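Asker: Here the structure of chain A is known, so what remains is to put chain B in place on it, guided by the hints.
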Amino acid sequence: MDDEERDLIRRAQHGEGWAFEQLVRRYDRPILALARDMVGNVSDAQDVYQGALLAAFLGLPRFRMDSDFSTWLYRIAVNKALRFRRQRQRRRTQYEASAAAPPPPGAAVADRQVLDVELRQQLDLALAELSGQERLAFTLCHRQGLRIDRAAELMECSAGSVKSYLFRGRDKVRKALGAYMES
Amino acid sequence: MTNRQAMRERVLSYLYGGLTSAEVEAFRQELASNAELAQCLAAEETGLHAHLPVGNGLTDLPDSLVDESRLLLRAALRRQVREPLSMLSQWSLWLGAIAPRLIWTGGSVALVLCGVLLGRVMPGPSGPRAPALTAETLVDVEVRGYDAAAGRIELELVGLATTHVEGDLADPQIQALLSAALLGDLEAGSRLLAVDLLRHQTASSTTRQALTEALLSDENPGVRIAAAAALSGLGADDGVRRALQQVLVEDDNAGVRVAAIEGLRNISHDDTRDVMERVSRFEPNPYIRAEARHALDVGRAIPTHL
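As they're listed, the protein sequences go chains A and B.
So the first sequence is numbered by this note's numbering: it starts at 10 and just counts up by one.
So the second sequence is numbered by this note's numbering: it starts at 162 and just counts up by one.
For reference, chain A alone in the conformation it holds in the complex:
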């Protein structure tokens, strides 16, 4: 953590919103990307992103300077995303909605600029088949490119467990995308 970051954290701890914005700007893209891959559409990802960062802002006075800020922030985002998935799962069970509902039209439009729409949709469907831990391990290690030990730190489990989740999740994604990749 550099001096500038410490300074921004102190200011944000005193309720200065602009300092918090500057602070999270360093890490918020990976958090939004994590949310996007964990919840499967842009609109929900923005909710998770905003919920996580607001929770971080409100919880910042309790943050200790001897911890790593990015890890702390990431953990909040991971917990928010997992909680969102659980809540959505409950809602879906309640209303018997389809688990593989197509993403809303806005989501496809937003992603079209940078990622092939069909691949994005196939990936969302493939990720929807993974368990929460498999999806998280795949998102952190494959989609975000984090090392396995860093993912283990964020998931609060052993590196061996992350490998297990990651490899299982990876095999499922590869199988689900098989037809697309061959074509």
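In case anyone wonders, no lab produced these hints; they're calculated from the structure.
Treat the hints with care, as some may be off.
Just so you have them, the derived chain B footprint on chain A, three or more residues with Cβ under 8 Å [to be verified]:
(1) 16 to 30
(2) 33 to 47
(3) 56 to 68
(4) 138 to 151
(5) 156 to 168
(6) 179 to 191
Because the structure is a prediction, the values reported are computed rather than measured.
For each residue, glycine too, the CB sits at the ideal point set by N, CA and C.
Answerer: Okay, now just chain B, sitting in the frame of chain A:
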């Protein structure tokens, strides 16, 4: 576990950074001599990794989505933080915005100082301490100091000469200068600070007009959001109300549209209800639709996502 499975797990551990540096070194050396291992690595690299490279999740996110999310976060933070900026923050914000310009103005300031020194040694009548500059001749306005408790502000005016003005924020001359900065400054940070300073001075029609103009035409969405927040609840002014309605329907930035809803919440005019009704039905963003519906239902609503 078979040898083949073990080999594959080793390859995957290598690809995902799950090996120690010594193990990576050993793996790379073995690649040269072990054809089966090299084949296994090639198979993994050409499949899923070719279509979805590791780490690609960070780069395939559109910038526009990141920007929009940041603005929505800013709007949410503004609801959390209602207190004015502290002195220190204002200075930092200001200095950050003007740092590049300081280099340019350094030479000009030195010339002006020479002129002031020369003026002091020449005989002449004693005039007012801060000659008034009109907005037309003003090049730049900088805030040199601000006492939030007393409402006193010190401005440096850069025009044909550099002068200082000290006064009350409620002073129409000070407000006119800040309005000029709000509408004319090239730096978004400076314009944002001007909005922050003017937001408690909206009793003045000149200030409301400047904020309205910024809301409608500032190129920076952050400034437009701040202007919408500053104009919040001032719907009795037809110009303000129409401007908030206009951006609620037309602004291409979701954060500005959210701020416009917040600004129009307690306004009971029929035309505002009509606009809100339309937004609650036809707005493409589901969050904004929900906020508009909520504003219609309860007048003063809590954001739905909190």
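Asker: Now, for every hint given, state plainly whether the structure supports it.
Answerer: Hint check results:
no. : hint       : verdict
1   : 16 to 30   : holds (count 9)
2   : 33 to 47   : holds (count 10)
3   : 56 to 68   : holds (count 8)
4   : 138 to 151 : holds (count 3)
5   : 156 to 168 : holds (count 4)
6   : 179 to 191 : holds (count 6)
Comparing the model with each numbered hint stated earlier shows that all of them hold.
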